[in-house]
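Enquirer: Protein sequences, first through last, are from chains A and B.
Using the working numbering, read the first sequence as starting at 3 and increasing by one per residue.
Using the working numbering, read the second sequence as starting at 3 and increasing by one per residue.
Misleading hints may appear alongside valid ones.
Any copy will do: because identical chains look the same in the list, a pair fits if it lies in one copy or spans two.
Calculated cross-link-like contacts (lysine-lysine; reagent style BS3-like; alpha-carbon spacing at most 30 Å) [to be verified]: (1) Lys83 to Lys276; (2) Lys256 to Lys139; (3) Lys195 to Lys325; (4) Lys139 to Lys251; (5) Lys301 to Lys189; (6) Lys195 to Lys301; (7) Lys261 to Lys139; (8) Lys319 to Lys276.
No lab work stands behind these hints, which were simulated from the structure alone.
Note that the structure is predicted; figures quoted are calculated from it, not measured.
Number of protein chains: 2
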Amino acid sequence: MRIALDAMGGDHGPEELIDGALLALRQDNLHVTLVGNQQVVQAHLDRQQLLPTELARLQVVHASEVVEMGESPVDAIRRKKDASVMVAFDLVRQGRVDAAVSAGNSGATMAAAVRKLGRMEHVARPGIATVFPTLQKPVVMMDVGANVDCRPQHLCQFAVMASAFSHIFNIDHPRIGLLSIGEEVGKGNLLVKETYDRLAASSLNFIGNVEGRDVFQGEVDVIVCDGFVGNICLKVSEGLASAAMQMLKGEIMKSPLAKLGYLLARPAFRAFAKRVDYAEYGGAPLLGVNGIAIICHGKSSAEAIKNAILEAAQMVKKQVISKIGAGLAANAQDEEVED
Amino acid sequence: MRIALDAMGGDHGPEELIDGALLALRQDNLHVTLVGNQQVVQAHLDRQQLLPTELARLQVVHASEVVEMGESPVDAIRRKKDASVMVAFDLVRQGRVDAAVSAGNSGATMAAAVRKLGRMEHVARPGIATVFPTLQKPVVMMDVGANVDCRPQHLCQFAVMASAFSHIFNIDHPRIGLLSIGEEVGKGNLLVKETYDRLAASSLNFIGNVEGRDVFQGEVDVIVCDGFVGNICLKVSEGLASAAMQMLKGEIMKSPLAKLGYLLARPAFRAFAKRVDYAEYGGAPLLGVNGIAIICHGKSSAEAIKNAILEAAQMVKKQVISKIGAGLAANAQDEEVED
């Protein structure tokens, strides 16, 4: 199995990204193709002490251009045909790698993936899934930002695609919830009410509406929403987690005894932070294109990149793309029968 | 000043609510009218050791009926004319009290307030505001659940009403943000894009789009959104705060040293919990009706009820209703000039 990494995107520069790839190589028996400026990539690799067994699983593919973080995605991928992110997805398209990961300009990553891989059959709109930590197994939420104004059919397709993705957590018959503001039928906005009826009529394992407070309880495996609501959920969660840690530390620093207590409890804090750290869960897959595409935070650490590569490898092993295809075909049949 | 409390609503029974009223009486020089079953209320009061100065500021008004938590709000207020929540808002309407607070069936509280007090002039739809703790001053978000499908004019009115309400935190020229999924103009769904243009053209202190992660930073005083998105933000925040504390405690309980550390740091944890506890911020005001109405969580503790009563008192002192009226009139003029 071979995963391509866009070695040029991201806020911390190529070194951090390449270090992430090396961490992944050491943890799993996979091959990584680093895509970017050959000289820059090779120079960093030359500074590492790599074992022959590691070198044998590393490959560098040159790309002469880079999409910058601030660039317009559509313009960038039109003008920069040889951008690292474009070359990476071209490798996926050609079957030379099994998946591609990028921490560069998210819009450009999405646009490049759609352009190079194309939409899957039966998919009206590809979307971005993300993983939230919960008190039990992780939960997959989709869409978290690709589609801000959705129709019911889009949400139903998100349900199918996110369910297939949740197989990477060994969830066999994922419970699907529709994000709303009350559990009862009939609660929610117009989009949710119409989507509810469609999901209830489908052969999917739909458990009904779930509320914002259910996201972290782990009683549901897949949560479906439009990209506007999903993105706000994601950002509110990130913002609250970070603000709460700052507030708690502020309180602890006020008292020497509390500081001592914090030192004693620090391993527990670290374990907790690891558990709620989004980076631990890798990147966010773009689902609905003909191939595996993982979008990472620009600020991803080497650890986060490692996890995104391992996540991509899991998606390959669990045959997520063909599961999505089968799910969409079955769902499309459902809809025809219904009409 | 006199505040009415619906003494029958809430999950913990009349005793908890009445205890909250007594806490408020002791903290502020205000009068409280307890509305509910005279016998039940009086029996609980008789068991307390009340000072004559406290008794002098307490009044009981009998109501023969109660709206239960599971009842349909519309049916309930139609059938139960003498329900405690209806009688409480009747007191506001008659000018016999300055505000009413209820922890009963939220839908019925809202319906009773609209029925008894009526919508304010220029208000298309009353909405519910809530207060989030931040790293700096609290932030007011509106709407958090009354209106799930909104038009731009509704969001602009929420901006005006929530700004007037934010005066209770001594914020003179509140910064208004529009909740979206990117800070740049043009980011967001159709509703947000249209609302952006209206707010930018108004005389309000509109600072542009804010993202989910900005909610807890305190760089904005008022956040405007539709009731579907706002309710999900609120519930996701509550859910995450509670799940995170459970996860952290779970990690701490794994190690005796961490447990000792936690004991030493406990006062800091308590101070933190107090800071992020929604109950600390009282209830959620229903804005846009001709009078002060505060909706509390069914599970409100006596402490939460006390804070809701003190919040109502602040709204009276800061003349929030007349500020809302003035703001709406000015905004309506803006719109006429624009047309």
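Enquirer: Could you run down the list of hints and mark each one as holding or not?
Expert: Against the structure, the hints:
In this homomeric assembly, Lys83 and Lys276 never come within 30 Å of each other (Cα to Cα): the closest approach is 38 Å inside a single copy and 55 Å across copies. When the C-alpha separation of Lys256 and Lys139 is checked against a cutoff of 30 Å, the pair qualifies only between copies, where the shortest distance is 19 Å, while the shortest distance within a copy is 36 Å. Within a single copy, Lys195 and Lys325 get their C-alpha atoms as close as 27 Å, which meets the 30 Å cut-off; across copies the closest is 37 Å, which misses it. Taking CA atoms no more than 30 Å apart as the test, Lys139 paired with Lys251 passes in both settings, with 28 Å inside one copy and 18 Å between copies.
Only between protomers do Lys301 and Lys189 lie at most 30 Å apart by alpha-carbon distance; the minimum there is 21 Å, versus 37 Å within a single protomer. When the C-alpha separation of Lys195 and Lys301 is checked against a cutoff of 30 Å, the pair qualifies only between copies, where the shortest distance is 28 Å, while the shortest distance within a copy is 37 Å. In this assembly of identical chains, Lys261 and Lys139 lie within 30 Å of each other by CA distance solely across copies; the values are 25 Å between and 32 Å within a copy. In this assembly of identical chains, the alpha carbons of Lys319 and Lys276 lie at most 30 Å apart only when taken from the same copy (25 Å versus 47 Å across copies).
When each numbered hint is compared with the structure, a violation occurs for hint 1 only.
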